[in-house]
Amino acid sequence: MTTAIAIHNLRKTYANGFEALKGISMEVNEGDFFALLGPNGAGKSTTIGVISTLINKTGGDVVVFGRDVDTHVYQTKLDLGIVPQEVNFSQFEKVRDIVMTQAGYYGLTRKIAAERTEKYLRKLGLWDKRNERSRALSGGMKRRLMIARALVHEPRLLILDEPTAGVDIELRRSMWEFLTEINAQGTTIILTTHYLEEAEQLCRNIAIIDKGEIIEHTSMKKLLAELDSQTFILDSEAELSGEISFSRENVSARIIDSHSLEVTIGADIAINSLFSELSEKGINVSSLRNKTNRLEQLFLSRLNRNGRSDAAVQG
Amino acid sequence: MFTNHKFIAFETIVIKEVRRFMRIWLQTLVPPAITIGLYFVIFGNLVGRRIGEMGGFDYMQFIVPGLIMMSVIQNSYSNVVSSFFSHKFQRSVEELLVAPVPNYIILAGFVVGGMARGLAVGAIVTIMALFFADLQVAHPLITVSVILMTSLVFSMAGFINAIFANSFDDISIIPTFVLTPLIYLGGVFYSIQLLPGFWQIVSGVNPIFYMVNAFRFGILGSSDVDVYWAFVILAIFAVVLYAGCIWCLRRSTGLRH
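Top line first, the protein sequences correspond to chains A and B.
Here the first sequence stands for residues 14 to 328, numbered as in our numbering.
Here the second sequence stands for residues 7 to 263, numbered as in our numbering.
Just chain A, same shape as in the assembly:
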């Protein structure tokens, strides 16, 4: 399988002495949908900045589809599409002009640029807004515009830095569908996100970066298989009271309020058996939900293992 991007011992120290990347290495295969996760300030955006040449690295190598970004500048740039975290287009330009101009920077003729611009603005639901100034767009529309702009030269590798931050749930889901579609058509995607549900749903492989170091680099399946327990919130039809105990050792429960129960069960226990036992106790469950996302549990445990407190992770 071809490697879409290989990073070896990548280091970045800013002028103020802050060491943002401490020699990270990772590989992403062609066709992958890859999640790069980490708390704020972990080094995700710096990594993307170095790959896209917007940040000068201190050391290490970045190889895109077998070509070093330092020695094959033009070809590697043609292979890359970048959707940054912050809006970085002119607020005074029209939507269509922003995408057309980017196509021109990549050397596309006006005819091809116009066709591709229409194609991606339509796909991202922005065609009706094509003649509006970009500053008039909503936050979600601006993010979609940046995706259309990054795709206009049809890169083989698309890197998105928190593309759904601040986007409402309906729009977020339509963006997931779109990204899944272009990934199925062969575009390799690297995604950074704070929505771990998003990473779990979309991505096949994952790396977790913290304090400038990769602390986990594996497949999503393998990582999720490491969960040794899950916590659910159960809503009861009847009022709950007293202490609830279970016959099995690795099941524990805690009453949250008069109609809600928090239950933690080991990975080896079937959830059916939990319902049976609750039923025997006269507790009928009307609904159930995960207390936290499964990936979130693992993410937090990795960061805690790396010396972070939960508060620091969330902050």
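Since the hints were made in silico from the structure, they are not lab data.
DEER-style ranges, computed between Cβ atoms:
# : chain 1 : residue 1 : chain 2 : residue 2 : range
1 : B       : F174      : A       : K132      : 36 to 42 Å
2 : A       : D81       : B       : T41       : 49 to 55 Å
3 : B       : K94       : A       : D81       : 26 to 32 Å
4 : B       : F174      : A       : A238      : 54 to 60 Å
5 : A       : T277      : B       : N172      : 51 to 57 Å
As the structure is a computational prediction, the values presented were derived from the model and not from experiment.
By construction, the Cβ of each residue, glycine as well, lies at the ideal position given by its N, Cα and C atoms.
Since chain A is already given, all that's left is putting chain B on it; use the hints.
Frame of chain A, contents of chain B only:
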């Protein structure tokens, strides 16, 4: 990247730049035309009639080449400095930096955009001048060469200013405190022959003095300096500023961390 791709990238930057200053024509094309028009009316017509001749020409005829040159210098410079700094400020410069556009194409695109505005304002001012003075072009080739080279030089100077600028204040310091005094003391309104010997020598170190006089020679056929020196100075500035711009872009000064 093939040569054709580079040309398309260059053309894209130029179109974007021209579209930008045409979109805000009330800020970019009208004010310099009004300012220079007032110079024609006040200095050329009202005051100029009392001054009489300057350098062997009507005062109005004498100041027209300098005022055209002044508008070209100021507008070439300010177009590039404000446009490129605005790209930095809005971070839209990143669109260019992630794309496979060589540094010299980025520079050429912005410089040609600056020249387009400088020459557009120069053309407007020239048309306005025709209402006030009888203009004949004595040496067309010299006139065109000097105006093009001057516009090129000041567009590149504006580019360097934009690269080092960190705030909107930084893009107005050089035009206000350096460019404007040099233009006013560059023989736009007077002949160097009127100055005492010491100040004639001081004027000799002002590069704009040579440009204004070379342009005046192209239009009127008369100048305070040898035109040859004007071309030498323009060529030196063009080469040094080009090297400076490319050096800054290679080092990513003010563009990449």
